[in-house]
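Residue numbers (the working numbering), protein chains in the order written: chain X, 1 to 838; chain Z, 1 to 107.
What the hints contain is simulated information worked out from the structure, not anything from laboratory work.
We put the CB at the ideal spot given by N, CA and C, even for glycine.
Among the hints, a few may not be true.
Stated by the list, open to error - Over the 10 Å line for every Cβ pair with chain X, so calculated as not near, a few chain Z residues:
#1 30
#2 42
#3 47
#4 49
#5 57
#6 60
#7 64
#8 65
#9 66
#10 69
#11 86
What the hints assert, rightly or not - Stretch by stretch, here's where chain X covers chain Z in the computed footprint (C-beta under 8 Å, at least three residues):
#12 20-29
#13 75-83
#14 87-101
Below are the chains, spelled out letter by letter.
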Amino acid sequence: MPRSKGVLRPGTSVLKPAKASALKLHGPQAGEGSRLDLDDVDVWSRTRTLVKPDDQLDLDENELKEEIARVLTVRTPQLSEGLVIWSHKDAAFVQRSVPTSGALLLDMPSTCLHIDSQEAREQAAYLGAAGRITLAETLTMSAKAVTFKKENRRGGAGGGAGGGGGGGGEDDEEEEEADGEGDADGEGDADGEGGEGKERASISEGAGDAPAAAPGADASAEKPEEESADSAAKKDGEDVAEGGEGAGEQAEEGDEGGSTADAEGEEGAEAPADAATEAFPSRPVKKVANQFNFCDRAALTYNNPYRTLSTQTEPPPRDVFSDQVMQWIIYDAYQKDWEEKQAGREKEVKAVPKQFGRQAERKLDERTNPNSSLNRSIRAAKTIERMLNQNTSDDIAKDCRYYEDGSDEFREGAGTLLPLWKFYYEPTKKFHVTNICWNPRYHDMFAVTMGYRECPPPCYLVLHRMPSGDQPLSRPSPCAVEFMKQTAAGAVCVFTMKNPSYPEYVLHTASSVMTAEFHHEQVNLLAVGLYDGSVAVYDLQLSQQEPVFRSDSVHNKHCDMVWQVTWGQDTPDGELNLYSVSNDGNVFNWVLTSSTLHQTTVISLVLDKATPVAGPDGTTLTITGCGTAIAFHPTNPKVFLVGTEEGQVFKCSTEYTSMYLLSYSAHHMPVHRIHFNYFLPDIFITCSSDWRIKIWEDGRTEPLFVFDLHCSVGDVQWAPYSSTVFAAVTLDGKAHVYDLNVSRYQPICVQNIVSRKKNRLTRLAFNKKHPLIVVGDERGTVTSLKLSPNLRVKPKATKKQAHLSPHDLEVLKMDKLLALVREPFILQRPPDTEQVVE
Amino acid sequence: MGDAQNEPKKEEGEKKVLHTYALVRFCDMVEEMRTEAMDLSANACEKHSTNNESAAKMIKENMDKKFGPSWHAIVGEGYGFEISYEVKHLMYMYFGGNLAICVWKCS
Chain X
1 MPRSKGVLRP GTSVLKPAKA SALKLHGPQA GEGSRLDLDD VDVWSRTRTL VKPDDQLDLD
61 ENELKEEIAR VLTVRTPQLS EGLVIWSHKD AAFVQRSVPT SGALLLDMPS TCLHIDSQEA
121 REQAAYLGAA GRITLAETLT MSAKAVTFKK ENRRGGAGGG AGGGGGGGGE DDEEEEEADG
181 EGDADGEGDA DGEGGEGKER ASISEGAGDA PAAAPGADAS AEKPEEESAD SAAKKDGEDV
241 AEGGEGAGEQ AEEGDEGGST ADAEGEEGAE APADAATEAF PSRPVKKVAN QFNFCDRAAL
301 TYNNPYRTLS TQTEPPPRDV FSDQVMQWII YDAYQKDWEE KQAGREKEVK AVPKQFGRQA
361 ERKLDERTNP NSSLNRSIRA AKTIERMLNQ NTSDDIAKDC RYYEDGSDEF REGAGTLLPL
421 WKFYYEPTKK FHVTNICWNP RYHDMFAVTM GYRECPPPCY LVLHRMPSGD QPLSRPSPCA
481 VEFMKQTAAG AVCVFTMKNP SYPEYVLHTA SSVMTAEFHH EQVNLLAVGL YDGSVAVYDL
541 QLSQQEPVFR SDSVHNKHCD MVWQVTWGQD TPDGELNLYS VSNDGNVFNW VLTSSTLHQT
601 TVISLVLDKA TPVAGPDGTT LTITGCGTAI AFHPTNPKVF LVGTEEGQVF KCSTEYTSMY
661 LLSYSAHHMP VHRIHFNYFL PDIFITCSSD WRIKIWEDGR TEPLFVFDLH CSVGDVQWAP
721 YSSTVFAAVT LDGKAHVYDL NVSRYQPICV QNIVSRKKNR LTRLAFNKKH PLIVVGDERG
781 TVTSLKLSPN LRVKPKATKK QAHLSPHDLE VLKMDKLLAL VREPFILQRP PDTEQVVE
Chain Z
1 MGDAQNEPKK EEGEKKVLHT YALVRFCDMV EEMRTEAMDL SANACEKHST NNESAAKMIK
61 ENMDKKFGPS WHAIVGEGYG FEISYEVKHL MYMYFGGNLA ICVWKCS
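Sequences are here, hints too, so could you generate the full structure?
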C-alpha cells in the first residue's frame, strides 16, 4: 500500500487534531529533508569524523537508502500485556487493565445514527433503500466522493479541494443537487455555495481525523473500552466511504492553502473515490434521515403560576400551675388523705352486710327506681312513642274528644258507635280476648287478658242433669275450652289510650289468662285468673314478668279454669283479698298475706242438694255447678251472685259456706256475665249463650226484662252514666246498645264491629268516665268505640225535680220503668198487710 | 396503696402514722399516662432515694422516651414553682412522705 507506506502520522490520537494536521505537513519527504539539513549543519561545524559506537551495524548504501516507515502507535510497546493482579473480591487473578496513553476530554453522544450501525440499516430497510450499500451514501460522503473524483479528473491541482468545494462547487452543484439536498435540508437552501462547501469541509474535519488514525489503530485497537470515536474511526478506515472522509480532510487542508496536500490528496482520494463510484447506486437515493441530517424541535409548555399558601395551627393549649412545697404541706396532705381513706373504708364495711341482707329488695329498688339509667331511657322512649302516636293518630284523638255525631239530632231513639283506635299486640294476635278491665283511677288505661276461650265446639257433649227436670239432658257445652290448646300460653296486655300502638305493660303467662281485675284502691295491683286454675297478682309498678303473689300450683288452686276474679273488701286487718270463681264449682277467697296467697273456700256450688244423683253402685253423687261469673252486691259486700255453666245464678253470702240465699234459674246455657246496676243496687243484668239478656231485681226469681239477641251473648254491661242503658256484644260480631228509657223492646244501636265470618266479639267494657266502650274479639284485638249522643241521653229534670241530683234523676228514671214491670208484685204484698192491720 | 408504716411516737403516747404512698395532688393527664407517670416517678425516687437530681433526670428522660419531648421534672423536699404546661400533661404528686414531684410537658 503506497499510502500506508508513505504517510507518516505521528499524531495518531484523534484527540489532538491540530497537532496531527501540523505533523502531517511533514511527509516522508519532509522528514528526509530535515535529516539532510542536519547533515549539512554537521558539515559546516566540523570535519567529517564519524564517531560511532562499536556495535553499530554497518549498512551498505542500499540498506541505508531503504525507507523505513516509522510508526507511532497508541500502545506502549514496553508495557507487558499479561499483567495480572490478585483480586480479593473475586478471589482470583484478574487481568489488569493496561493504562492507556489516551485521555478522554470530551464525550458527547450524538443523536445521529451511524450509517453502519444496526439501527441505521434497519431504518434504511424500512425506508426501502435496498442493497448492501444502503444509506452509506448519505449525502455528505457521496457528494464529496463525487467532487473529488471530478477534481482528480481535472488535474486536481491549483485551487485544491477547498476551491473545489468552494469555487468549483458552482458547476458541480447542479450535479450534486440530488445528493446535496440532504445537507441542505438541515441547513437551509439559502446557504451560500461557498458556505456550503466550507460547511461540508468543516463537517468532515472531525470525521476526517478519525480515518487518519485508522492505519495506526486498525489492528491494535483491541481494547473495547477505547472511546467510541476511536472505534468509529476504525470502522471508517475500513469503510468504502473512507476515501470520502479522507477527501474531506484534504478539502480542509486545501482551504488552509497547503499545497503539499496535493499529492497526498490525490493519493488518498483516488482509491476511495473509485470505491465510492462503484458503490454509489445509480438510482436516486431516497432521502432519509441520516447521520448528519436532523433537526431538533423543542417546545416549552406553559408553566403554571405559583402561589404560596401557608397556614398555622394553634399551639397546644397551655396553662399555668404553681404551688409551694414544704414539708409540713406534704405532711398535712398525707394526713388528710389518710383520714378520708379511713372514713371511706369504714363506710364500706358498714355497707357490706346491709347489701347481703337486702339483696332482694335492692333488686326491686333498682327496677322501680325511676332514676336508674335504664328506666330513664325507657321513659324517654315512651314519651317519644306517645308523641309520635299523637301525631299519627291526631284525627282519631280529636274525634275521641270532640266529635259528636250530628245526625243523631234527626234520629229519634237511635245512635251510632264511632270506631276509634284498634289495640293489638302483634305476639298476642292469635289469642282471644278473654276479658277487659278498665283501671279505676287512670281512665285511659285498661287491661286485656289473652288466652283461648273456645266457644261452642259443635261436637263436644256433656251430660248434665238439669236442676229442674228429672231426666238427664244432653246438650253442647258452650264454654268448654279446647283441650288441645290447654298448654297454650297467655298474656295480659295493659293498654293506654294515649298509646294505641303498643301496650304499656305486657305480662306473659304459661297458661291462658281468663280474667283480670284492677284493685279499686291500689290500682297498680292486677288480679289474674288463669286457665290452669291458679290465680296471681301482678304489681305493674315493678314492671316485672313475675307476679308478686301466685297461688300454689299443686294444692292451693282451683281444679279447673278460673272464670272470674274480683277484689273483695279489705279484711278488718287491712289485708287485701280477692274472690275467684272456677269451673270446678268452688268460690275461693284469697287473702294476700306478706308473701303468699291464703285460700279459703267460700262456697261449693252444688246444683241440687236435696236430690243427689244415684251413682252406679248405690252411691249418691251430688253434682256441682261450674261457676262462670261472679258479682258482688254494690252496697252489701257480703252478698254476691255466682253464675254457672248450667244457667243457674246463686245468690250467696260470704258468711255461709254451704247455703244459697237464693237461686235463680236464670238461663239455659252458661251465664257469661252478671253485672249490677250502677244506680240501683238491687238491679242486675245477666247474659248467656242462650241468646238472652235478662234484667233481674234482687229477691225476685222472675226477670224483669228479657231480651233475645238471636245469638250467643258474650258480655253485657250497664252503662256507668245512665241507669237504663246497657250494652252487649254477641258472637256474630255485633255490639248492641239498649236504653230502656227509649225502648224496652228494641236496641237503640246495633252495629257490626268485626266481620261475622272471620271473627267474633267476646268481651265489652264501659269506660267509667268517658263515653267510650272497648270490645274485644277472638283475634286479640280490642276496638274502642265512641258512643254517639243519642246513646247517652241524660234525663231532663222537670221543674219539680230541680232540686234532685243527676244521680237521683237516674234512679227515678229507672224506678219509673221498673214500676211498670214489677207492679203486680208490689201490689200483692204491702197493701194487703196494711189492710189487715187497719 | 395505703402501705402505711406505723411508728409509735414516744411523746404523748399517740401513734404517729408515716405515710409513704404516692399521693397525687393534681393531675390532668389521661388515665393511661397518669398511671405511667406515677409508676415512673415512684420507681425513680425509690431508685435514687439519695439523689433527687438523678431521680428527676430519670423521670424526665423516661417520659421523653414514652410520650415525646419535652418533659420537665422537679423532685425536691421544699421549693416553690410556677410553670406553664401543656394542658393534660401535668402531674403533681407527693411521694415517700417528704418528696414532692412535679412532672409536666412544655415544648
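Minimum Cβ distance from residue 42 of chain Z to chain X greater than 10 Å, as the annotation requires: At about 15 Å from chain X, residue 42 of chain Z clears the 10 Å cut-off, so the statement holds.
Beyond 10 Å from each Cβ of chain X, as asserted for residue 69 of chain Z: 13 Å, holds
Minimum Cβ-Cβ distance from residue 57 of chain Z to chain X exceeds 10 Å: The claim holds: residue 57 of chain Z sits with its nearest Cβ about 19 Å from chain X, beyond 10 Å.
10 Å Cβ clearance of residue 66 of chain Z from chain X: 18 Å, holds
Status of residue 47 of chain Z, Cβ more than 10 Å from any chain X Cβ: About 20 Å separates residue 47 of chain Z from the closest Cβ of chain X, which puts it past 10 Å; holds.
Coverage criterion applied to the segment 87-101 of chain Z (partner chain X; beta-carbon cut 8 Å; 3 residues): Since 8 is at least three, the answer is holds.
Non-interface label on residue 49 of chain Z, tested against every C-beta of chain X at 10 Å: Residue 49 of chain Z clear of chain X: closest Cβ-Cβ about 16 Å, beyond 10 Å.
Beyond 10 Å from every chain X Cβ - status for residue 60 of chain Z: 17 Å, holds
Chain X over the segment 75-83 of chain Z, status - at least 3 residues with CB closer than 8 Å: Our answer is that it holds, as 8 residues pass the Cβ test (under 8 Å) against chain X, meeting three.
Beyond 10 Å from each Cβ of chain X, as asserted for residue 64 of chain Z: 16 Å, holds
Status of the stated non-contact between residue 86 of chain Z and chain X (beta carbon gap over 10 Å): Residue 86 of chain Z is in fact no farther than 10 Å from some Cβ atom of chain X, at 5 Å.
Cβ separation check - residue 65 of chain Z to all of chain X, threshold 10 Å: 20 Å, holds
This entry does not satisfy hint 11, going by the numbered hints stated previously; all others are met.
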